[in-house]
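*Asks:* Letter by letter, the chains look like this.
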Amino acid sequence: MASLNKYQDFVQQLLTGVHNFTSAGATIKTVIHTDAPTLASDDELADLTQITGTGYTSGGEDMQNDMTETGGTATVTGVDQTWTAGAADWSSSARYITDYNDSVTGKKVCWSYDYGTTFLVGNGESFTVDRGASVITVS
Amino acid sequence: MAHVQACPKYPVAKLFNVLPAKYIEALEQNQKIASCCRHPENHEVEAFYSNENEKTPDIYKFHCRCGRVHTRFCIGQGDVRPFWEVR
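In order, the protein sequence lines correspond to chains B and E. At position 110 of the first sequence (counting the first as 1) the number is 92 in this note's numbering, and the numbers step up by one without a gap. Counting from 1 along the second sequence, just add 32 to a position and that's the residue number in this note's numbering.
What the hints contain is simulated information worked out from the structure, not anything from laboratory work. Using N, Cα and C, we set each Cβ at its ideal position, and we do this for glycine too. Check each hint, because a few of them may be wrong.
To be verified - List of simulated lysine-lysine pairs, DSS-like, C-alpha gap at most 30 Å:
#1 B:K(-12) with E:K46
#2 E:K64 with E:K46
#3 B:K(-12) with E:K93
#4 E:K41 with B:K(-12)
What the hints assert, rightly or not - Examples of chain E residues toward chain B, derived with CB under 10 Å:
#5 C39
#6 Y42
#7 L47
#8 F48
#9 K64
#10 S82
#11 E86
#12 D90
#13 I91
#14 C96
#15 R100
#16 H102
#17 Q109
#18 G110
Chain E with its partners taken away, still in its complex shape (with noise of 0.2 Å):
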């Protein structure tokens, strides 16, 4: 079973008051990763369906200008899931 795409990669610069904040601080603040990671600004991310049954999207894949990529895997109830279009 292939993922969906729900959003397209996009700037999360550009996305700032569309991500939720601990998005953008779980990048900030993770010191495992490269210095570069960790700053959001250098980053892309595009929104995915886990499944094609999905009606929001539950995967975010964040993609570093270095190659790296850091996914967020939302599981839980409750929370609002960012969606964006690019015309």
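Just chain B, same shape as in the assembly (with noise of 0.2 Å):
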């Protein structure tokens, strides 16, 4: 799997009390972007330069998070998303992906993910971001 690179900041946030990952709690959202994530000092949304093009709305789409926690190890579950470009090609390249908490003030960025090069969905084509048995584990 691509390597899940954690904010720095997001670490603190844990510790304070910023997230709730349940279902019931934040809604965990998920970007696509194109500036390489400065995992020092980023630490909000709009840190981050996300693609433009039909079928990408800015703010991305819901992970539909939940959290369970078994024998001392926090699991986040979410499912998978789609992208499909529509009308036209993305007009932006992207390689970045990051996930990102859209219920609290700033809009707190999580985690991120490398594709490895630039990509370009165009018109009529998809991109899927797969999320296996779980997104990340805690313990």
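Two chains, each in its own frame: build the complex with the hints.
*Replies:* Right, here's the structure in full:
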């Protein structure tokens, strides 16, 4: 799997009660962006430059997150998300995926992934983020 | 950093027993793509590593015969990553 890269401030946010990853808690959303994450200083959605294009809504898509805990390990899950370019190709090249908390002031960013190279979704093409069995575990 | 090919392009119809069902269903059920793209048997699929340090493929590209490409980027944990060889 692609490496999950935590934004550094996220660790502090976890221990200061900023996030609630249960389905009844916060809404975690996913954005696609062009600029490389600055893990040491980026902490809000506004720090990222999202892509533009038909089929992509600024602010991203709901991950439909949930969180369970068993034996001291918390597991965050989410659903696969698909973007489909319609009417025209995406107008900018993407590369990075970031999950952020849409329910808190400042829309705090949590972690990101690197696709490895820039990509463009053409008209009628789709791009899916596959969440697997879990998004992240904390123990 | 370029992607590294993990598995060569191969007809999806010959990999139905290898690819997870949700890969197939995602194509069949996406009403926003062309009708030809909703038929998995119209596709060939190839797999990549997003970087040379990856141990399992994490990018799957489905190439429809119409020329459009549908990409799956696997960023979650604990799932099975299909792998195939063509000899």
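*Asks:* Evaluate each hint against the coordinates.
*Replies:* Hints versus structure:
The suggested pairing of K(-12) (chain B) with K46 (chain E) is violated, with an alpha-carbon distance near 39 Å, which exceeds 30 Å. Distance check on the hinted pair: K64 (chain E) and K46 (chain E) sit about 25 Å apart at the alpha-carbon level, within 30 Å; holds. Distance check on the hinted pair: K(-12) (chain B) and K93 (chain E) sit about 27 Å apart at the alpha-carbon level, within 30 Å; holds. In summary, the hint linking K41 (chain E) to K(-12) (chain B) is not supported, as the alpha carbons are separated by about 33 Å, beyond the 30 Å threshold.
Annotation: interface hint on C39 (chain E) violated; nearest CB of chain B at approximately 16 Å, more than 10 Å. The restraint placing Y42 (chain E) at the interface with chain B is violated, with a minimum CB-CB distance near 19 Å, outside the 10 Å limit. Restraint check, L47 (chain E) versus chain B: the minimum CB separation of about 17 Å is more than 10 Å; hint violated. About 18 Å separates the beta-carbon of F48 (chain E) from the nearest beta-carbon of chain B, more than 10 Å, and the hint is not met.
At its closest, the beta carbon of K64 (chain E) sits 4 Å from a beta carbon of chain B; the interface hint therefore holds under the 10 Å criterion. The interface hint given for S82 (chain E) is met, as the beta carbon of that residue sits about 4 Å from the closest beta carbon of chain B, less than 10 Å. The beta carbon of E86 (chain E) comes within 7 Å of a beta carbon in chain B, closer than 10 Å, and the hint placing it at the interface holds. For the restraint placing D90 (chain E) at the interface with chain B, the shortest Cβ-Cβ distance is roughly 5 Å, inside the 10 Å limit, so the hint holds.
Because the closest C-beta pair between I91 (chain E) and chain B is about 8 Å apart, less than 10 Å, the hint holds. Because the smallest distance between the Cβ of C96 (chain E) and any Cβ of chain B comes to about 9 Å, under 10 Å, the interface hint for this residue holds. At about 5 Å, the closest approach between the beta carbon of R100 (chain E) and any beta carbon in chain B falls short of 10 Å, and the interface hint on this residue holds. The beta carbon of H102 (chain E) is positioned within 10 Å of a beta carbon in chain B (closest approach about 5 Å), and the interface hint is therefore held.
A cut of 10 Å between beta carbons decides the hint on Q109 (chain E): the least distance to chain B is about 5 Å, and the hint holds. Using the Cβ-Cβ criterion of 10 Å, the hint placing G110 (chain E) at the interface with chain B is satisfied: the shortest such distance is roughly 3 Å.
The structure does not agree with the numbered hints 1, 4, 5, 6, 7 and 8 stated previously, though it agrees with the rest.
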